[in-house]
Each structure stands twice: as structure tokens, then as C-alpha cells.
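Chains B and C: place on chain A using the hints.
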Amino acid sequence: MKEPAISIKTYTWTFLALLALALATTLIGFLDLGPFSMVIAVTIATAKAILIAFFFMHALYESKVIRVILAGGIIWFLIMVSLTLGDYMTRGWVLNLGGK
Amino acid sequence: MTGVNFIATIHRMRAPGLTWFRLPIFIWSMYATSLIFVLATPVLAITLLMIAVERIAQVGIFDPALGGDPVLFQHMFWFYSHPAVYIMVLPAMAVVSEIIPAFARKPLFGYKAVAFSSMGIAVLGFLVWGHHMFVAGTSIYSAMAFSLLSYFVAIPSAIKVFNWTATIYKGSVSWDTPMLYAIGFVGLFTIGGMTGLFLAALGLDVHVTDTYFVIAHFHYIMVGGTVMAYLGGVHYWWPKISGRMYPEGIAKLSALTVFLGFNLTFFPQFVLGYLGMPRRYAAYPEEFQMLNVLSTAGASILGFGYVMPLFYLLWSWKYGKEAEPNPWRATGLEWKTPSPPPKHNFEVTPTVNYRPYDYEAMREELGLVRTSHS
Amino acid sequence: MSEPATLELREQFATPEQQRETASIGMWVFLITEVMLFGGLFTAFTVYRLSHPMAFDAGSAHMEFLLGGINTAVLICSSYTMALAIHSAATGKEQRVVLFLLATMVIGAVFLGIKFTEYYLHFQDHKAPALWFDYSGPQAPYVQMFFVFYFLMTGLHALHMTVGIGILSVLLFRTLLGSFSAEYYTPLELGGLYWHFIDIVWVFLYAIFYIPGLHVR
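Residue numbers (our numbering), protein chains in the order written: chain A, 24 to 123; chain B, 2 to 375; chain C, 2 to 218.
Same shape as in the complex, but just chain A (with noise of 0.2 Å):
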């Protein structure tokens, strides 16, 4: 029988530290931070995020296949946004190419 790699322990201070991060995004949420409130929201819930997958889903244990199968999955999630927006928020620019 194999030992496991996590302990009971270490689950239950990851369990805590999901509420407290929880808490925290809430409790934040009520002050109006104007556009960083989302980029601060998408921030403790992808802290939230790591501490899942890490603890609960093992992926700091596993081996390294496993780690780069879901850095790349985020990876390519990001260069969907990121392309899609770059489209989007470039629409104001003006180039402006020299001439008159």
C-alpha cells in the first residue's frame, strides 16, 4: 500500500485556505476599485484555482507530463483571449504610416 503523497492535513489547511480566499474576494468585492476590481477578482480566483489543482487534484505530485498537459491547456486558453482581444482593443488605434 502506498503512502499517500498528501496528507489529511495538508487538504484541510488547503480547504481552509480556499474559504479564507473566498472571504477575501468577497469582502474586497464591496469597494469600488473601478477597473481593477475584476483584474483583482480573476486574481484570487485564479489563486483559488492553483491551490485546487496543486493540492486537491495532486498536480504538484504527478509527474511532469501531467504539469505540462495543464500548463498547456491554460496556456492556450491565454492565447485565445489574448489574440481575440488584441483585435478588440487595438479597433481605437491610428496608424499612422509618415506621409501627410
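Treat the hints with caution; some may be incorrect.
Said to hold, decoys possible - Only pairs whose alpha carbons sit at most 25 Å apart, straight line, appear in this in silico DSS-like list of lysine-lysine:
#, chain 1, residue 1, chain 2, residue 2
1, B, Lys113, A, Lys87
2, C, Lys94, A, Lys87
3, B, Lys322, B, Lys344
4, B, Lys171, B, Lys253
5, B, Lys253, B, Lys322
6, B, Lys319, B, Lys337
Said to hold, decoys possible - Listed next, the stretches of chain C that the computed footprint assigns to chain A, with coverage defined by at least 3 CB atoms under 8 Å from CB atoms of chain A:
#, segment
7, 26-35
8, 69-81
9, 154-162
10, 200-211
For the record, the hints were derived by calculation from the structure and aren't laboratory data.
C-beta atoms are modelled at their ideal positions from N, C-alpha and C, and glycine is treated no differently.
Relative to chain A, chains B and C alone:
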């Protein structure tokens, strides 16, 4: 699901001794194809779901009449659809990478370069989707970025073409049908690929987008490329699958018919597109008549060339000469098992302790005749 | 192929560890397809949110914050019990596996119950596009767009949750049948991976739908 299957199998279920760099290039390309499968197809699925919700609930996500953004639809559609064409072409390249070494009796030139090019195509193929949207109203900066990236994606394909060519150089070439198709692929894919570069240039694309030029471009790749590789693969592995040989004479004739018919069909379309004939039009002005007629004539010849294999392959299934395990004297695990293979593929799980395409070292084993000149 | 195939070691694998790893790789790749699936929705949402931030904030103000917050905590608890279920399987404590699987399923059902309550409340509030949507403020079409994405994304999520509960019930059944042991509990692991992934998706849904509206109220 197929993609998941292939990826898991290739990572962890290889035969003993089969390290990554001993894999046939076919597997490298199928691996790259599977990566594209799993990353691109879900985006199509979700886009279609959004379309369905939009239609059923009559809310506007993409439909401008309902307040939606049609360019967003195009972004999401092409995010899948461009990688999709690489899903179509990578297996074809995989087949060609198997056929050329076999019929040139030489190891594939630049194995690692070809293997990494497959991966390069898979990755870069995801970064170019905007080149289908140059005239859709996207920002000029976005268009420039996608144009540049589209030039980059041609590089790994070109690397493969150079490597195939180098494989044939100073090889001991036999012109069996699979090789005819494979060589056809290399030439026609090159033309198709290069016209893709024309389309990637912003200025030129404005002129030829949505014309027959585009149609000719992708048909050179899909038909001149993929379909010919498919036919080559069918002929190459036919003995393994059916246990019979197909009739070589007729097969060569139909390969030639396909090649000639194909070029007659699609080359005029490049000219048509450049002269301005738009795509998806049934009726057209007088001046385009001649080229259209040539194209149709070619299509009939091409069609005949397609139907021929259907007949003689089926015929050979019953009446063809029985095939031995390795009729082409090729390397590769599939040739070490009987034709057709038993249910478990191999009676004993093979162990692989040699390089792929090692024709030199495997001369004796393959029963190759030693020639008097080097 | 001298030994007969068992659940722990199927015929096509050389060792149980190889079998487990292959299955794990397969599951992770599947989860990546789910990332891209939900990712498409997140991309579309982001595009609209960036072009109509006020309308989307206004839409978010109408969310059921208390229920949403409770649901977030609820799902985190279910992830915890799921992880404990896997741990119990690894240490051979099958009774505990049953206990924690049941707990996860019940908590999951609670989540769905709260979610549907929210949907019902939105409907009563006239914020259900295609069914009953009424908004008198500015940029009404884009506030409606917010709700379209809300129902679409949380609905797809809820569908995945329902499937997840179904999967867990199958796993529960198999555990009761004694199919698993400390040496072989791969299906439980894979079910756990799926469940945790659904939790991760919710974490992001909470961030983009509920949080922005908190300061608008």
C-alpha cells in the same frame, strides 16, 4: 476522445524500447494532430452551442440584428477552423514521411527536424486564425500580427518539404504507386503552401480574398496534398490491411490520371481568382468562361481517376495476389506482423532497440538485394 | 500475457503503475478540452465585458449575492470531502470512502438546489432572457447580454455538476460492490479530478458574475 486516446497511448503505452526518437514520424504527426484535436474542437463545440442558444432563445450573441457581434463569431469559428486544416494535413504529411523512406530505401533525412516541425505546425497553427478575417473589420494591428504569424507557420512545412526531398536524393528509388502519390504530394503541396503565403500578405489578400484564388490554394493542399497522400497511404498499406496486392499497372495509370485531372481542374482557378472571379457564384461573366470549362473538364478526369481505385481495390480484395508480411521491404513494426494482422496485432509484444528507418543496418533482415554500385 | 487480466492490471499494460498513469494522462487531457470549452465562453464574455463595462456591472448588481457566496463555500466543502474520499481509498478505508462520496454528492445536490433557487428568483425578478426579461435602465440590450452569459455559463456548469453527481453515484455503487482497494482506486481518482475541475470553473464564474456587482449595490 480520439485525441485523448492517442495522446495517452503515445505517452505511456509504447512497446518496450520504443523511445520518443525511435517512433516513426507517422506517430509524431498523429501526436501533433491529436494535440490540435483536443485544444481546438471544444471551441467549435461551444461556438455552436452559443449559436444554438442564440437561435432558440432569440437573444443576440453573434447576430447583429439582435445586438450581437458577428466578428466575435468569426474569431471563435476560425480559432477552431484554422487548426482544423492542420488536423487534415498533418496525417497526410505523416503518410508521406513513411512512404518516401520506404521507396527511396533511405532513412528519412533530418528525423528530428521533421518530428519537431510537426509539433511546430501544431503550435503555430493556433496563432494565425485572424488571416481569415483580414477584410472582416478587425483592427489593422491585429491583421498585421496575424499576417506575420502566418508567414512563420509556413516554415515548419517548408522544413518537411526540404527533408523529403533530401531523403530522395541519392536514394535507391522505386516508382511504385504509393511513391508516385507521395511525390505528387510534395510538388502540389509546395504550390498550395506557397500560394498560402500570397494570401498571408495583407495587400494581396484584399485583392484575392473570397475569389477562386483561395479555392485553388486550399484545393492544392487538400486534394493535391491530403487526398493524394491518402491514396498513397491506401495503396501502401493495402497489402497489410487486406492481405492482397493491388494491380500495379492500373494503379499507376490512375495515379497519373488523378495528377493530370487535378492540375487541369485547379490551376485555372488560380488565374480565375486573380482575374477577379469571386467564389460561391454559379453564374459568371463571359470572360471567365474558358477557364471554367477547362476546370470542369479537369474535374471529370479527376473523378474518373478517383473511381478507378475503388474498382481495382475491391477487385483485388478477392482476386489479388496474396501479400507477404513485408511486400515493400520497409522498416516499421507493422511490417513484422502477418498481412492482415491477427487480433492482438502481435503474437509477442515486440521490443524495439534500433533506430527508425535504419535501412542500412536492416538490409539482411529486410532481404534487400545488394546493388553493385553505391 | 501469462496472467489473466484483472481490473488492477489490464492485458495491454505492463505494470499497474503504467495503467494508472495512462488513465491519469487521459483524464487530464480531457479536462483540458473542458478548459477550452468553458474558455470559449469566458473569451466571448470578456469581449463583451470590455466593450460594455457599465452594462455588465449593472447586470451583476442584480445577482443573488448571498446565495452565490454560500454556493462558493458549498462547493469548496464538496471538493474537500472529495479529496478526503480519495485519501481514504488510498489508505484502504473503504467505509470512509463511502461516507465521503455520499457527503460530496449531498453537498453537490445542495449546490444545485441553491442554483435553481437563484434561477427561479431571477425569473421572478424579470431577469431571465427569452423567458421574461425586463430592464428599464440604460443599455438594456447589453444588460440582457450579461444575463444571457450568466444563464449559459452557470447552466453549462450546472449540467456538468449534474453529470458529476451521476459519476459519483456510479463510483459509490462500485465502491459498495468492493471493486476498489488501496492498490486500485483509479476510477475514484479520475472522478475526483473531474469534480475538482468543476469546482475550479465555479471559482471563476463567481469572480466574473458576482463580485463586480457587490460594489454597485
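For each hint, the structure was consulted:
1. B:Lys113 to A:Lys87: Judged against 25 Å, a Cα distance of about 22 Å means the pair holds.
2. C:Lys94 to A:Lys87: 29 Å, violated
3. B:Lys322 to B:Lys344: Holds, at roughly 22 Å.
4. B:Lys171 to B:Lys253: 23 Å, holds
5. B:Lys253 to B:Lys322: 17 Å, holds
6. B:Lys319 to B:Lys337: 23 Å, holds
7. 26-35: It holds, with 5 qualifying residues against the three required.
8. 69-81: holds (count 7)
9. 154-162: Coverage by chain A is violated for the segment 154-162 of chain C (0 residues, Cβ < 8 Å).
10. 200-211: holds (count 8)
This entry does not satisfy hints 2 and 9, going by the numbered hints stated previously.
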